[in-house]
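Please model the entire structure based on the sequences and the hints provided.
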Amino acid sequence: MDISTNDYRVWTEGSTIHYEGTMRLSGTDAYAPILEGMNAILAAKPDLITLDLTSLQFLNSSGINLLAKFTIEIRKQPDVGVRVLGSKSIPWQSKSLRNLQRLHPALELTIS
Amino acid sequence: MTAPAPTPQNERQIGRFSLRSFRAKFMLVVGIAVLFDLALAGGIGIWNVQRLSRDATKQVGDGLTTATEEYLQTYIDTTAFRADLLINRVHSELATLASTMQTLIDHPDIQEAVGETVSKSPDFSSPLVYDPKGGWVQNEAGVPSAVSVWGYLLDENMQPVPKAAEELKKSSFLSLVGPSMMSTGAPKLQIYYVGPKDASIMRATPYSEQAQTFDLLYPGHNEGPNFWDFFFPGVYEGWQGWIEDPSSRPVASDIVTTAPYVDAITGELIVSFFHPLWSADRKDLAGMVAVDITLEQLTSLVESLEISETGFGFLAMSDGNVVATNSIGEKTLGLVSTDVSGQGVTGVNRNLTESSQAAIASLDLGATRDTVIEHIFLDHGGEEVPYLLVLKQLNPTNLWDGAGITGETMTLGFVVSEREIYQSLIDATDNISAATTRILNYQVIAFLFSIVVVFLAVYAISGRITKGLSRLADAAKALQNKDYSVRVEIPTRDEVAAVGLAFNRMAEEISYHTENLENLVEERTKKLENANSEIVALNARLKSENLRLGAELDVARRIQEMVLPRRSELDIIPQIEIAAFMEPADEVGGDYYDVLFDGEHIKVGIGDVTGHGLESGVLMLMVQSVARALQEKGDRDPVAFLDVLNRAVYKNIARTRSDKHLTLAFVDYHEGKVTLSGQHEEVLIIRANGETERIDTMDLGFPVGLEEDILPFVATLVLPFGPEDILILHTDGITEAENDRGEMFGLDRLSQSAHENRLKSAKGIAEAVITDVKSHIGGHKVFDDITLVVLKHR
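The listed protein sequences derive, respectively, from chains G and L. According to the numbering used here, the residues represented by the first sequence are 1 to 112, in order. According to the numbering used here, the residues represented by the second sequence are 1 to 794, in order.
Calculated from the structure, these hints are not laboratory results. Even glycine gets a Cβ: it sits at the ideal position worked out from N, Cα and C. It is possible that some hints are incorrect.
As the list claims (entries may be wrong) - Covered stretches of chain G, as calculated for chain L (at least 3 residues, CB under 8 angstroms): (1) 26 to 35; (2) 57 to 69.
As the list claims (entries may be wrong) - Okay, derived cross-link-like pairs now, DSS-like style, lysine-lysine, Cα gap no bigger than 27 angstroms in a straight line: (3) L:K651 x G:K95; (4) L:K781 x G:K95; (5) G:K69 x G:K95; (6) G:K69 x L:K651; (7) G:K95 x L:K133; (8) L:K651 x G:K76.
Unchecked claim - Derived DEER-like restraints, expressed as beta-carbon distance ranges: (9) G:E36 x L:D571: 49 to 55 angstroms; (10) G:D79 x L:P712: 22 to 28 angstroms; (11) L:D571 x G:P78: 51 to 57 angstroms.
Here it is in structure tokens:
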């Protein structure tokens, strides 16, 4: 997957999904292609899925909903590990990402 | 505006044979190509023929020169050898005679006896007779030899003095051998004997009236002092010198030669060879024997040489005097004859040094004994004609030069015109040159013929090639004149034919379009009409769709408006002044806030549903309804309150297969305390003394509708809330409001703005903050719903 617009870019490298820029997509339908790509990685059942958000400056509520839903999906597959990389310098991350860990305590959250 | 008239340039007619026509250009190109090809091939051919001719001429010329020079060298060597042989032959005969005579001198008794015997024989001796006219004594004719005793050798009785008489006897031997020697061997004019200086009688065979001849030719010879000094001065003394020093001989031979001279008796060009006789004791001379020969043999040898056509030989003395050559030679060499009178004998002189030809006059004859070959130029009436000159020296001899004895080497020379030698070569070169010219002429004819043939062929072919183009041009012109029925027929199958085919199709199309323009317009109009009606229908459908969407949005808006608390509800709350502001980004926002007051407890909720639209509105309505129900039921435990609310919403979301959730937090006020529960944005509290507190709600709850059971995450936080304390709730639409530069409004600005306006009423604070937010956004896009709830303790 490699989705790129003027505002953001989402791409995968192996089982790592990178998010970059500002994501303000209007609603779940708009996020569908991204979720599809993420589910495709999950379908391959890798040992560890990494969500790299360190360059994602902004994510709206629909985007956060997307991450939450995806975390719930991963939680259903105990063999698949998940790691979320965030950045302290981006305000929304340090708050919202903790909810992901709450949803799935096995989720490894690294906010650096 | 009308189209510009076609320029005359475009209209110019291109004649079939005009230089501008394709055919003319085609012919020109092919013609030039053929011309170039022929010229190149012809040029190379002629150049090669000429080079071949030049090389062959040079090689043959070199060969000819070598062969000629070798031939001439061999020829001159042979001729010189023959000449030497001729002279040597005479020399050897003379030497034999001299040797015999010397033997007699060396044996006086035998000589005496032989002389006595011979002089007494009438067959060999005749009486001496005094000639009173000449004053000398000479024997009578009829015997083999004539002997003369000159006046100065006679006594008063006209009788020979004793010494002379003795010589007469001694020399009579010549009568014995003379005739046989004359009749054998080399042709000789005469053989003679001359006595020593004090008795220089002369005896010669055959008999001739020699004294008479001498008187005629050499008057005064009878006067003395002796024969030697009168006729051959210097010879006698020369020989005497040799006795003392034999090495003083110029050539290692006793024989001395005279230069050629005209014989007094015969009138022929003759040469005399002298051989000295020595006294028995070898202390002095005892006379000599001599032979006269004509140079006829030598000159005929030289003069009869046949060298080429006008080539000739010549024989020259070392002083340049030409002894022998033929008339051609005399003329070619530019010789001038002069008579030279010498003492006693008359010579001839045709000297090379006096030649009218500079090249001849400067010849060096004594250069070398080897054969010399020179290339010289002789002047022939102003023209420099090349000649080949070959020189070869004969064997050297001792020469009496009229004063003494010197060495002499004669030189044989050949002169041949090089033009004659190379005549065949010149002829061959001329032939080759003529052949080259002939070839050139043929080439030119072939060239012209080829050009004519090629041009005729090209003309014929080009007609075929350009026929198609001409037809195309004609057809195009016809088309220009609006004759749309025109079609081109091109018999070939080349590109022109392809163009013709395309032209025909084009013409057909033009014809079709032109003739069917009205039909076409009508057809197109009909199509347009159909399209238009389709568009109208679509537009109508679109309008209804919009209406439907608009209706849905209206409903959603109504729901949101319906759910939000009325102003009047808020005003009646006694302890707390509550002001709320909400502005959706789109028609329907996802933000939610509520104020539930049951007369005793005040519960203020704030939330943010993901997304917007009707679905979000319904979810909000659900949340509001459940919250109201729980409030009315009197559920005072915020944790249980949130848990039940979450379960209800979660299940309803699952039923409606919605994928939305929301953040939701509540503030419960009761008797100077606020209890915070639920996870949402930070809560801002500005105390009456101006201190600001920020309360993170992350650990107080969890997004609602995401998980069935959020109880483990829900917690409460109880804070005091006294008079003039201010509590501010907001959604991320405030903090994440961006300006033109992408800067967010942020919690700091919100906090500062509220702090600055803390003395105002809740409504005043809300209005001031919203004004700051709006001024921050400026003309930038509003991304999210903006919601602000301000609580101020009365």
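Checklist entry - What hint numbers does the structure not satisfy? => result 7
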